Amino acid sequence: MRDQPKPVLRARGIDKFFAGAIALDKVDLTLYPGEVHALLGENGAGKSTLIKSLTGAYHRDGGTIELDGTEINPRGPVESQKHGIGTVYQEVNLLENMSVSDNLFLGWQPVKRGMLDHRQMHRRTREILKGYGLDIDPTQLLSSYSIAIQQVVAIARAVELSGKVLILDEPTASLDREEIELVFSVVRNLTARGMAVVFITHFLDQVFEISDRATVLRNGCVVGTRKLSDVSQGDIVELMLGHHLEATKRKASHASPGDTILSLKGYGKRGMIAPFDLELRKGEVVGLAGLLGSGRTETCKVIFGVVSADHGRAELRGQPIRLNSPRIALEKRFGLCPEDRKTDGIVGDLSVRENIILSLQARQGWTRPLKRSRINQIVDEYVKALDIRLASPNMPIRLLSGGNQQKALLARWLATEPDILILDEPTRGIDVGAHAEIISLIERLREQGMALIVASSEMEELVAYSSRVLVLRDRRQVRELGGEEITTERIVKSISQGESAA
Amino acid sequence: MMRSPRLALYITMATFVLAFLIGGSQYPTMFSSRVVANLLTDNAFLGLTAVGMTFVILSGGIDLSVGSVIAFSGVFLAVILRETGIHPLVAFALLLMITTAFGGAMGSIIHYLEMPPFIVTLAGMFLMRGLAYVLSTDSVPITHPFYDTIQDVVWKAPGGGRFRLIGGIMILAYIVAMLVLHRTRFGRNVYALGGSSATARLMGVPIARTTITVYAIGGGLAGLAGIVYSIYTSAGYSLATVGVELDAIAAVVIGGTLLTGGSGYVAGTFFGILIMGLIQTYIVFDGTLSSWWTKIVIGGLLFAFIMLQKALGWATTRGRRPASDSATQS
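So the protein sequences, as listed, match chains F and X. Per our numbering, residue 1 is the first one in the first sequence, and the count goes up by one each step. Per our numbering, residue 1001 is the first one in the second sequence, and the count goes up by one each step.
Treat the hints with care, since some could be wrong.
Some chain F residues near chain X, calculated using beta-carbon distances under 8 Å [said to hold, decoys possible]:
| hint | residue |
| --- | --- |
| 1 | N93 |
| 2 | E96 |
| 3 | G107 |
| 4 | V223 |
Taking lysine to any residue and the SDA-like style, the derived pairs with C-alpha atoms no more than 25 Å apart in a straight line are [to be verified]:
| hint | chain 1 | residue 1 | chain 2 | residue 2 |
| --- | --- | --- | --- | --- |
| 5 | F | K82 | X | R1201 |
| 6 | F | K82 | X | V1242 |
| 7 | F | K282 | F | R218 |
| 8 | F | K112 | X | G1187 |
| 9 | F | K164 | X | D1042 |
| 10 | F | K6 | F | I147 |
| 11 | F | K112 | X | V1242 |
| 12 | X | K1295 | X | V1242 |
| 13 | F | K282 | F | I147 |
| 14 | F | K82 | X | A1208 |
| 15 | F | K227 | F | D25 |
| 16 | F | K164 | X | L1202 |
| 17 | F | K384 | F | T367 |
| 18 | F | K52 | X | T1184 |
| 19 | X | K1295 | X | Y1112 |
| 20 | F | K493 | F | L175 |
| 21 | F | K52 | X | L1172 |
| 22 | F | K26 | F | S48 |
| 23 | F | K112 | X | A1093 |
| 24 | X | K1310 | F | K493 |
| 25 | F | K332 | F | A314 |
| 26 | F | K164 | F | S144 |
| 27 | F | K52 | X | P1206 |
| 28 | F | K52 | X | I1207 |
| 29 | F | K371 | F | S401 |
| 30 | F | K52 | X | V1242 |
| 31 | X | K1310 | F | K282 |
FYI, nobody ran anything at the bench for these hints, they're computed from the structure. None of these values were measured; they are calculated from a predicted model. We put the CB at the ideal spot given by N, CA and C, even for glycine.
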């Protein structure tokens, strides 16, 4: 786009090796003042590695970094910040136990007569945040504000301390639409002031909404830098994957489902989810649609017994049962793949093998350990079936990329051979390729006769695999859609109509 | 962790006032300057220890060595004053250097070797207690004239209260600690470290320096508490002050500081100490209760305050929910 201005940051030929493997191979990245530059690629393509090499969190093995024409060699995020490169991470890296102004000014507080000048600090915090469209009390604890506001405070801190380049690493992953707007308006404001912003995300819509250019990485190499006004989303996806991805289409052949396996009547929990009815049959996928906070996760948790319901009856194959603990659910061959895989799903320091086998072993009881050969057989089978990419099943699961962690979690539940599998946001935060694989896996499982409940915020995805869709709003089931009714428009309409009724 | 630290502080203060009023209503003589003066004098060494403990706990650590450091300090001073002719002030300076360096060394091990503070300071506890035994197994009296001079520094308040120097030292330590924690960059770094050390590192907090300094402060104040204790008892005994570290931790927690770090006030610790002292005073006034009731009441109080912190945390997270976007993560 603007070719005349001098680049603010120019990285050339960045190399990075990990234990002999090439993580980055002669990567170039050029940033101009006032642009939003998206950094795209599948999980493991090298986006994070590139950022960490630029900020000095990793020691790079080759290449040069020029900032405003002078070569720099930062040895850590703090040093690169002094040069003018600030970074904001997906998990807000601020201190919830301290006040807003403490967070903004930590390490560079104004000092008067040898003591911190709190009054000036609060006043300047208020001024700075006003510039970002926030009018909040700077003396309050950061934890008393929402994640989006915390994210803006993190951006403000990074900008105040750096001022030339701002790197946003998945800043919108845990925000809803309105909050994303807030962050985006802040970003537009900054680029108008001449900052260069690097934007990393998995959401292509957002990339096209805010970015000027995009650099696409694949397997540690730059496969292209494009002006986004010249290309379509399909082009970018093709670049990322190296082949064209079929748009997810609704499969016409939804075989007629089998017998009812689980029947819930007036099921609910006060303060979490209003009473709802659900009939789940073998060989069908029931989708749970709704906005963030509409009660999708709560529904999953109530069915699995993570929280026990205080209303209604449940019948499993015609027999009344009480689902008030995950243990019972597990015994009755339920499975739940939770939304937040980092806190509720994986056990980071255990090996991939142990993570996969965890639920099966839990159902067997610790007095009857699984045989080693049986474990290996199961793990090998699922690693192959789900195409989990790993160096060895013995590596700690936290070293895997997001998509592979998610597949390992799925493997954990598939290993228990469940009759009913509940998936909460199975495709969140994973790359396009793994995304498609998980969707086709859901379809395969359905064809094999498993009953699935899938909660997702991506409508297209729900349309692709659901036999029926339950629409939730404000923790209440507002609509059930089936057959031809299942289209993105209908789902969106049901959600918004529910809203207007309130 | 979402809670209002200030509320916990106010509750501690209210507890103290309430306890004082209850005690005073039964024994009106408790409202005398004599009781107040003794409260400060008798708890001076524990109060100083608890200041250091507040720093350590706020930073997310724990220091189990302080009781042994006090005992070591007492024996060290008694022996050095008996064996050599050096002035007590020189001995004090020497001792403070030793205990500060000892605390700093523990901090370095905790930081550089990434060891849990519990284990490192437990080792420090045995080490210091052992060193005290090596110096002397008997109680060694201190008869230096300078000690008599210090003990004679008394401000007689109306009503017969005798405010001694050591109580003043404790109050001074609290004032300085408050300024350091709230009005210096180092103090804010201590809170940052206690909030999350990984985040603090990313935000540019010098983790190594802060950790080492915090434990050095803990050691230094334990040394100062040792000096005060030796003035208070005029002796050094290697079996003294067993379990004082636990009393100090109790005072910090009753004062509203989170044991996980990052939240709390040193002023709260001061009231924690006063509450504990008040219970003891009450039992003395009563005369029929066994002194072990002190421990029982403190145990009950600790339990109540832990429950309170849980309740506050619960109440504030609930309060945030409607305004927040993390509604799905129940």
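Now the hints, each set against the structure:
1. N93: OK, holds: N93 (chain F) within 8 Å of chain X, min 5 Å.
2. E96: 6 Å, holds
3. G107: 5 Å, holds
4. V223: At 30 Å from the nearest chain X Cβ, V223 (chain F) fails the 8 Å test, so the hint is violated.
5. F:K82 - X:R1201: Given that 25 Å is the threshold and the Cα spacing comes to 15 Å, the pair holds.
6. F:K82 - X:V1242: 49 Å, violated
7. F:K282 - F:R218: Given pair K282 (chain F), R218 (chain F) is violated - Cα atoms ~40 Å apart, limit 25 Å.
8. F:K112 - X:G1187: Satisfied, since the Cα-Cα distance of roughly 15 Å is no more than 25 Å.
9. F:K164 - X:D1042: 58 Å, violated
10. F:K6 - F:I147: Roughly 35 Å separates the two Cα atoms, so the pair is violated.
11. F:K112 - X:V1242: 43 Å, violated
12. X:K1295 - X:V1242: 14 Å, holds
13. F:K282 - F:I147: Between K282 (chain F) and I147 (chain F) the Cα gap is close to 39 Å, so the pair fails against 25 Å, i.e. violated.
14. F:K82 - X:A1208: Holds, because 20 Å separates the two Cα atoms, which is no more than 25 Å.
15. F:K227 - F:D25: Roughly 22 Å between the alpha carbons, so the hint for K227 (chain F) and D25 (chain F) holds.
16. F:K164 - X:L1202: OK: K164 (chain F) and L1202 (chain X) at ~19 Å, within 25 Å.
17. F:K384 - F:T367: Cα-Cα ~29 Å, so violated.
18. F:K52 - X:T1184: Given that 25 Å is the threshold and the Cα spacing comes to 31 Å, the pair is violated.
19. X:K1295 - X:Y1112: Since the Cα atoms of K1295 (chain X) and Y1112 (chain X) sit roughly 37 Å apart, the hinted pair is violated (cutoff 25 Å).
20. F:K493 - F:L175: 22 Å, holds
21. F:K52 - X:L1172: 47 Å, violated
22. F:K26 - F:S48: Cα-Cα ~15 Å, so holds.
23. F:K112 - X:A1093: Distance of about 31 Å is beyond 25 Å: violated.
24. X:K1310 - F:K493: Roughly 43 Å separates the two Cα atoms, so the pair is violated.
25. F:K332 - F:A314: 13 Å, holds
26. F:K164 - F:S144: 30 Å, violated
27. F:K52 - X:P1206: 20 Å, holds
28. F:K52 - X:I1207: It holds: about 20 Å lies between the C-alpha atoms, which stays within 25 Å.
29. F:K371 - F:S401: Roughly 28 Å separates the two Cα atoms, so the pair is violated.
30. F:K52 - X:V1242: 50 Å, violated
31. X:K1310 - F:K282: 44 Å, violated
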